[in-house]
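Peer 1: One line per chain: the protein sequences are A and B, in this order. Just so you know, the working numbering puts 3 at position 3 of the first sequence, and the rest follows in order with no gaps. Just so you know, the working numbering puts 32 at position 32 of the second sequence, and the rest follows in order with no gaps.
Hints in this document: simulated from the structure, not taken from any laboratory. The model shown is predicted, which means the values in this text are computed figures rather than measured ones. It is possible that part of the hints are untrue.
For each label pair, taking beta carbons as the anchor points, the in silico distance ranges come out as [to be verified]: (1) B:163 <-> A:62: 11 to 21 Å; (2) B:106 <-> A:7: 34 to 44 Å; (3) A:26 <-> B:229: 19 to 29 Å; (4) A:82 <-> B:213: 37 to 47 Å; (5) A:78 <-> B:239: 36 to 46 Å; (6) B:4 <-> A:35: 43 to 53 Å.
One-sided and incomplete, this derived list gives chain B residues near chain A with beta-carbon spacing under 8 Å [what the hints assert, rightly or not]: (7) 58; (8) 108; (9) 117; (10) 119; (11) 170; (12) 172; (13) 178; (14) 208; (15) 212; (16) 214; (17) 215; (18) 227; (19) 240.
Non-contacting residues of chain B with respect to chain A, defined by C-beta distances greater than 12 Å in every case (computed) [stated by the list, open to error]: (20) 4; (21) 8; (22) 11; (23) 12; (24) 14; (25) 16; (26) 17; (27) 40; (28) 98; (29) 143; (30) 147; (31) 158; (32) 162; (33) 200; (34) 213; (35) 235.
Idealized CB from N, CA, C, for every residue including glycine.
Now for the letters of each chain:
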Amino acid sequence: MSTRIWLSIIVMGAVTVAIRLLPLTLIRRPLKNRFLLSFLHYVPYVTLSVMTFPAIVESCETPLAGLASLAVGAVAAWYGANMVSVAALCCVVAFVLGLL
Amino acid sequence: MSQRSTQAAAQSRGRDMREGLRDGLPIGLGYLAVAFSLGIAAREAGLTATQGFIASLLSVASAGEYAGFTLIAAQASYVEIALGTLVTNARYLLMSTALSQRFSNSTPLSQRIGVGLGVTDELFGLAIAHPQVRPFYQYGAMLSSIPLWCVGTSAGIVAGQLLPARVVTALSVSLFGMFLAVIMPASRTDRVVRICVLASFAASYVASHLIPLTMAWSSGTRIIVLTVIISTVAALICPVSTEGDDAS
Chain A
1 MSTRIWLSII VMGAVTVAIR LLPLTLIRRP LKNRFLLSFL HYVPYVTLSV
51 MTFPAIVESC ETPLAGLASL AVGAVAAWYG ANMVSVAALC CVVAFVLGLL
Chain B
1 MSQRSTQAAA QSRGRDMREG LRDGLPIGLG YLAVAFSLGI AAREAGLTAT
51 QGFIASLLSV ASAGEYAGFT LIAAQASYVE IALGTLVTNA RYLLMSTALS
101 QRFSNSTPLS QRIGVGLGVT DELFGLAIAH PQVRPFYQYG AMLSSIPLWC
151 VGTSAGIVAG QLLPARVVTA LSVSLFGMFL AVIMPASRTD RVVRICVLAS
201 FAASYVASHL IPLTMAWSSG TRIIVLTVII STVAALICPV STEGDDAS
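The shape of chain A in the complex, shown without the other chains:
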């Protein structure tokens, strides 16, 4: 049992590390292709957005707490609040409204 778990952990780690390192070690030169550059420009924002909603709403005690947390965090970040403040605000709103 223990051997199987250790081997599973190694398989998980090896696959994950390979995924992270392959692009960074193989792509050494600046890309020239305009489509690829544009694609990569949008990827981070799209992927973080897809992960944020609706997951933030569902991770809270109630949908109201989640939506409020999202709204407060989004407005604070829009007006330039730093990462720590936005994260803390989201937590406080989620906790307080979760108590209702």
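We have chain A already, so just place chain B on it with the hints.
Peer 2: Quick look at chain B alone, frame taken from chain A:
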């Protein structure tokens, strides 16, 4: 390199490192909470605290590890575990490719590897908040966050349900707050990014709640499929200017 410029380089590395340590800490605190609940899943799969620590150190991936632990608990084969990990973590492939364009030409391979080992959703978020990747800034952020991820996993395995569930729930929202801190400022300055963000929210909701086919997928699969589709459409309709880099 003259002694003076070596000194200057060492100073800027130290400054980057300290800045990274500071910015990584809130991520680490968020990790502690999320890893704690991940540890509960690891315990159900039969992992010891040491195994949980090592698994989190090697993978540093919330969704990927969760999928892995679930598969271990279900007595899945190694091939299934490898495939499950690949699908839930495939977004890191896109993130690393995006980062590969943000290194200065003089960055040695060892530093690209060092930064690459720390590509997580949140640390990637930190990296792209700056126009160019600063390896020592990333190292600092990794140092103050990844150990907490590992400790949190072990703590979850050992201590089970000691923290009130409400506190764990509220803390887990902090990760989404960090995502918002990355996407909102860019949305404010770039109209296309703003449209992409709104389209992504909408598509993500539709895919996870309204379409039976995509609802059956894991969240990792949905994330990568939607990312590829939406980013492709945006790149075709609104290509960025190719002069200079894509950091603006």
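Peer 1: Confirm or reject each hint.
Peer 2: Against the structure, the hints:
The hint said 11 to 21 Å for the Cβ distance between residue 163 (chain B) and residue 62 (chain A), and at roughly 19 Å that hint holds. For the pair residue 106 (chain B) and residue 7 (chain A), the beta carbons lie near 40 Å from each other, so the given range of 34 to 44 Å is met. Between residue 26 (chain A) and residue 229 (chain B) the CB atoms are about 24 Å apart, so this pair conforms to the stated range of 19 to 29 Å. In this structure the supplied range 37 to 47 Å holds for residue 82 (chain A) paired with residue 213 (chain B), their Cβ-Cβ distance being about 40 Å.
Restraint check, residue 78 (chain A) to residue 239 (chain B): a C-beta distance of roughly 26 Å breaks the suggested window 36 to 46 Å. About 44 Å separates the C-beta atoms of residue 4 (chain B) and residue 35 (chain A), a value consistent with the hinted range of 43 to 53 Å. Residue-level restraint check for residue 58 (chain B) holds (minimum Cβ-Cβ distance to chain A is 3 Å; threshold 8 Å). The beta carbon of residue 108 (chain B) comes no nearer than 11 Å to any beta carbon in chain A, farther than 8 Å, and the hint placing it at the interface is violated.
Here the hint on residue 117 (chain B) is kept, as its CB sits about 6 Å from the closest CB of chain A, short of 8 Å. Nearest Cβ of chain A to the Cβ of residue 119 (chain B): about 5 Å, under the 8 Å cut. The hint holds. Hint status for residue 170 (chain B) relative to chain A: holds, with the closest Cβ pair at about 4 Å, below 8 Å. Taking 8 Å as the C-beta contact cut-off toward chain A, the hint placing residue 172 (chain B) at the interface holds, the least distance being around 5 Å.
The beta carbon of residue 178 (chain B) is positioned within 8 Å of a beta carbon in chain A (closest approach about 5 Å), and the interface hint is therefore held. The beta carbon of residue 208 (chain B) comes within 6 Å of a beta carbon in chain A, closer than 8 Å, and the hint placing it at the interface holds. Because the closest C-beta pair between residue 212 (chain B) and chain A is about 17 Å apart, greater than 8 Å, the hint is violated. Restraint check, residue 214 (chain B) versus chain A: the minimum CB separation of about 12 Å is more than 8 Å; hint violated.
Among the interface hints, the one on residue 215 (chain B) is violated; its C-beta lies about 12 Å from the nearest C-beta in chain A, farther than the 8 Å criterion. Below 8 Å, beta-carbon pairs count as interface contacts, and residue 227 (chain B) has one with chain A at about 4 Å; its hint therefore holds. Checking residue 240 (chain B) against chain A: minimum C-beta separation of about 5 Å stays under 8 Å; hint holds. Under the 12 Å C-beta cut-off, the non-interface status given to residue 4 (chain B) relative to chain A holds; the minimum distance is some 30 Å.
With a closest Cβ-Cβ approach of about 26 Å to chain A, residue 8 (chain B) is found to remain outside the 12 Å limit, as its non-interface label requires. Every CB of chain A lies more than 12 Å from the CB of residue 11 (chain B), the least distance being 24 Å, so the non-interface label holds. Distance check on residue 12 (chain B): its Cβ is at least 22 Å (rounded) from any Cβ of chain A, clearing the 12 Å threshold; non-interface status holds. For residue 14 (chain B), the condition that its CB be more than 12 Å from all CB atoms of chain A holds, with the nearest at approximately 22 Å.
Distance to chain A confirms residue 16 (chain B) as a non-interface residue, since its nearest Cβ pair spans about 17 Å, more than 12 Å. With a least CB separation of 18 Å from chain A, residue 17 (chain B) remains clear of the 12 Å interface cut-off, as annotated. Distance check on residue 40 (chain B): its Cβ is at least 15 Å (rounded) from any Cβ of chain A, clearing the 12 Å threshold; non-interface status holds. Not every CB of chain A is more than 12 Å from the CB of residue 98 (chain B) (nearest about 5 Å), against its label as outside the interface.
With 12 Å as the threshold on Cβ separation, the claim that residue 143 (chain B) sits away from chain A holds: the shortest Cβ distance comes to roughly 17 Å. Annotated as non-interface, residue 147 (chain B) keeps its C-beta farther than 12 Å from every C-beta of chain A; the closest such distance is 16 Å. Distance to chain A confirms residue 158 (chain B) as a non-interface residue, since its nearest Cβ pair spans about 16 Å, more than 12 Å. With 12 Å as the threshold on Cβ separation, the claim that residue 162 (chain B) sits away from chain A holds: the shortest Cβ distance comes to roughly 18 Å.
The beta carbon of residue 200 (chain B) is not kept farther than 12 Å from every beta carbon of chain A, the shortest such distance being approximately 4 Å. No beta-carbon of chain A comes within 12 Å of the beta-carbon of residue 213 (chain B); the shortest separation is about 17 Å. Not every Cβ of chain A is farther than 12 Å from the Cβ of residue 235 (chain B); the closest lies at roughly 4 Å, contradicting the non-interface assignment.
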